[in-house]
Structure formats: C-alpha cells, structure tokens
Amino acid sequence: MTAIASSKCADRFRLALVGAGLITRESHLPTALSLPELEVSALVDPVVERAREIATRNAIRPMVTGRVEDVIGHVDGAVIATPNHTHREVAVPLLESGISCFIEKPLATTVEEGEAILAAAERGRAQVALGHYQRFQAVPHLLRKLLGEEYFGHVSGFCTQFGTAGGWPSMSAYTLKRENVGGGVLVVSGTHFLDLMLHIWGVPDEVSLMDDSLGGPESHCEGTVRYVHGPWAPLDGHFRYSKCVALPPGLVLESEAGTVLIKDGLDEAITLIPRDRPDLRLAISAAVPAVDLSLSPNQRMLRDFVRACAERRPPEVDGRQGLELMRLVRRFYENRHGMDLAWITEGRRA
1 MTAIASSKCA DRFRLALVGA GLITRESHLP TALSLPELEV SALVDPVVER
51 AREIATRNAI RPMVTGRVED VIGHVDGAVI ATPNHTHREV AVPLLESGIS
101 CFIEKPLATT VEEGEAILAA AERGRAQVAL GHYQRFQAVP HLLRKLLGEE
151 YFGHVSGFCT QFGTAGGWPS MSAYTLKREN VGGGVLVVSG THFLDLMLHI
201 WGVPDEVSLM DDSLGGPESH CEGTVRYVHG PWAPLDGHFR YSKCVALPPG
251 LVLESEAGTV LIKDGLDEAI TLIPRDRPDL RLAISAAVPA VDLSLSPNQR
301 MLRDFVRACA ERRPPEVDGR QGLELMRLVR RFYENRHGMD LAWITEGRRA
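First residue of the sequence shown: 1, per this note's numbering; consecutive thereafter.
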C-alpha cells in the first residue's frame, strides 16, 4: 500500500474522488474538504468538464482526469462513487496498485464482481471500505452492546421500515436498469439496515422476499428473516421498503423487558416501553458515546477509512462484510415472490 508519508504534505492523506455525480457533490466532497487530515488530490469522471466544474465551484485545484489509471502513484486512497455496475472496473486497477478504496455501497452488483474486488485488494495489499454510514452512529453501537449483555432479556422479534415518495436521485439513468443497480429498493435503501442486522445478529438461517419487480428494479419490497440456530434464536424479523410511499422510519424490537423503539436519528437515545409499565417511555443513552458526536456520520466514516489505511488495519465496515451482505441480498432475490400492493394503495390515500 502506498505510504501516507509519501504525500506532498506528510500529515495529509491524498484522496481521489472517482465519480463527479450527486453523491460526490453533496456528500463525499464536502466531507473530505471538512477533514484537515485530507487533501483532495484528484477528481475522476469520464465527463471531465463535470469534474472541472465542481473543482472550480469548491475553489480547489486537484488533478482532473477522465481515467482512473491516471491517479495511480499520485494518491493514497480513493472514494469510488460511480454507478454500481462500474465498481469492479474502477476498483480493481487501483487496488492492485496498492491504493485502498472506499466504495459507496454496494460493493458491486454481483457476488462474483465483489469477489474480484477483494481478490484485487489482496494482491495489492490494500484495504476496502464500504459506505454504510449508519454503522458510524451512536445508537447502533449502544444497541449491539446492550443486546450482547442481554440488557433487554431475550429479543423475540424486530421490524423496520423506510420509504420515500420519490425515485433514486442521480445524474444518469443507470438506476432504471436492474443489472446496473444489482436490484432495486432492497439494495438502494434496505442494505443499510441489513448491514446493521448482520453486524448485530449475524447471518439469518431463513430469508424470504416479496416485491413488485416485473424484471426491472423493484420499487417496493417486504422481507422476513428467521434465526433458528445460535445465541439469538428464536428470532424473527420483518422489513418493508418503498421508493414511492413515504413510510415513517424506525426499528422496533420486542423483548422480555418490553418494546424497544429506535427512530431514524441513530445518534439519539433508545426508547424502552417497559412490559410492566406501558405508560412509561424510558430514554436510554450512553454516558460516554462510542462515537465522536462533534462529527457527522459521514465524517466519522471517512476518517475511519483514512486511519485504517494509516494503521494498515481493516476499516470498521470492510470488504469482507460487504461481500457477506451481497451474498445475503442474493439469497433474498433467490427466494422472492410477487407481493400484495394493498398497503401501497392505502399509503397513497393517506
């Protein structure tokens, strides 16, 4: 791996941003510019004028190029924020040259492409990080700790949902093709929670999925998981995601202690409704949060990537976990069925 000390400023990490689309403009570039240990050294996009425009708008003077190979030897790491189906072709030459990559989720569109990315990282002795920002929020850290300590007693089930009344924002139409995305709303929205689920409970024994796909990317889906064996069993879970209906986001767990509620703001407290006192709402938070609350989740995530490269350690959400998530998503799609869309109609009326 290229040493950080080889950069123009020994204490700054030279970063390439590959892809000059909306997520780079609205998230990755502002986040990188906010961290003093980072230098945005290169912007890469096949539409070079698009990369030049955002460099000018942000008053920076990085290398601007249309070819990812041009940055090899000039950067210490790269953020890959290109359409999902291009992740392998972009990441492999960088990783083989020893440049660690932060890849906007998912890792790739197929398990086989994900395996090729990890093989390239091994050859180049480079790190792979995934953009699952929820893992860098305070509540998931606390929830995992409390569940491990059996603070709530046995958890028998959970349910979660998330929905937006709109499509996938992008500067291209790649999201309209299932093969370019690797799926639909399950990949775009659902994999954030599925990553947390794997992190907390591990791989489920049984999975099933219902969606509205007729060959393209699904806009609505409902799924179930079941843990039959292991320390969490028996445990059943259910999720619901939509790209057309706004659904109040959150996670609910049923436990021996009562009902556990987690809102979408994952830096806030966990709420417990005690089984013996349903009239109460108990807020649970850590006296010392596991994350630096002075930083945004995206700042924490990118900083972890930089430090993982410096310390030659796997990042908190690494390529191995990203590949495990892809295998789980494949299982869902292999066990999919058509769905009853009555709840969608009811949601629209509301």
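In short, the hints are calculated from the structure, not lab data.
C-beta atoms are modelled at their ideal positions from N, C-alpha and C, and glycine is treated no differently.
Please note: incorrect hints may appear among the correct ones.
[Claimed, not checked] For each label pair, taking beta carbons as the anchor points, the in silico distance ranges come out as:
| id | residue 1 | residue 2 | range |
| --- | --- | --- | --- |
| 1 | SER285 | ARG125 | 22 to 28 Å |
| 2 | HIS337 | ILE284 | 24 to 30 Å |
| 3 | ARG281 | ARG52 | 24 to 30 Å |
| 4 | CYS244 | LEU33 | 46 to 52 Å |
| 5 | PRO93 | GLU206 | 54 to 60 Å |
| 6 | LEU33 | ASN180 | 26 to 32 Å |
| 7 | CYS244 | ARG312 | 20 to 26 Å |
[What the hints assert, rightly or not] Derived pair list, reagent style DSS-like, types lysine-lysine, alpha-carbon separation capped at 30 Å:
| id | residue 1 | residue 2 |
| --- | --- | --- |
| 8 | LYS263 | LYS105 |
| 9 | LYS145 | LYS263 |
| 10 | LYS177 | LYS145 |
Does the hinted range 24 to 30 Å hold for HIS337 and ILE284 at CB?
violated (38 Å)
Between the beta carbons of ARG281 and ARG52, is the distance compatible with 24 to 30 Å?
Violated: the Cβ-Cβ distance is about 52 Å, outside 24 to 30 Å.
Given the hint of 20 to 26 Å, is the C-beta distance from CYS244 to ARG312 inside that range or not?
Violated: the Cβ-Cβ distance is about 45 Å, outside 20 to 26 Å.
Holds or violated: are the alpha carbons of LYS263 and LYS105 at most 30 Å from each other?
It holds: about 22 Å lies between the C-alpha atoms, which stays within 30 Å.
Given a hint of 26 to 32 Å, does the C-beta separation of LEU33 and ASN180 actually sit inside it?
Check passed, 29 Å falls within 26 to 32 Å.
Does the Cβ distance between CYS244 and LEU33 fall inside 46 to 52 Å?
violated (34 Å)
Mind checking the alpha carbons of LYS177 and LYS145 for me, to see if they're no more than 30 Å apart?
violated (39 Å)
Within 22 to 28 Å: is that where the Cβ-Cβ distance between SER285 and ARG125 falls?
Once the Cβ atoms are compared, 40 Å apart, the range 22 to 28 Å for ARG125 and SER285 is violated.
Decide if the proposed pair is consistent with the structure: LYS145 and LYS263, CA atoms, cutoff 30 Å inclusive.
Status holds; Cα separation ~18 Å.
When you take the CB atoms of PRO93 and GLU206, is the distance between them in 54 to 60 Å?
This hint is violated: roughly 39 Å between Cβ atoms.
Consistency with the previously given hints fails for numbers 1, 2, 3, 4, 5, 7, 10, ordered from lowest to highest.
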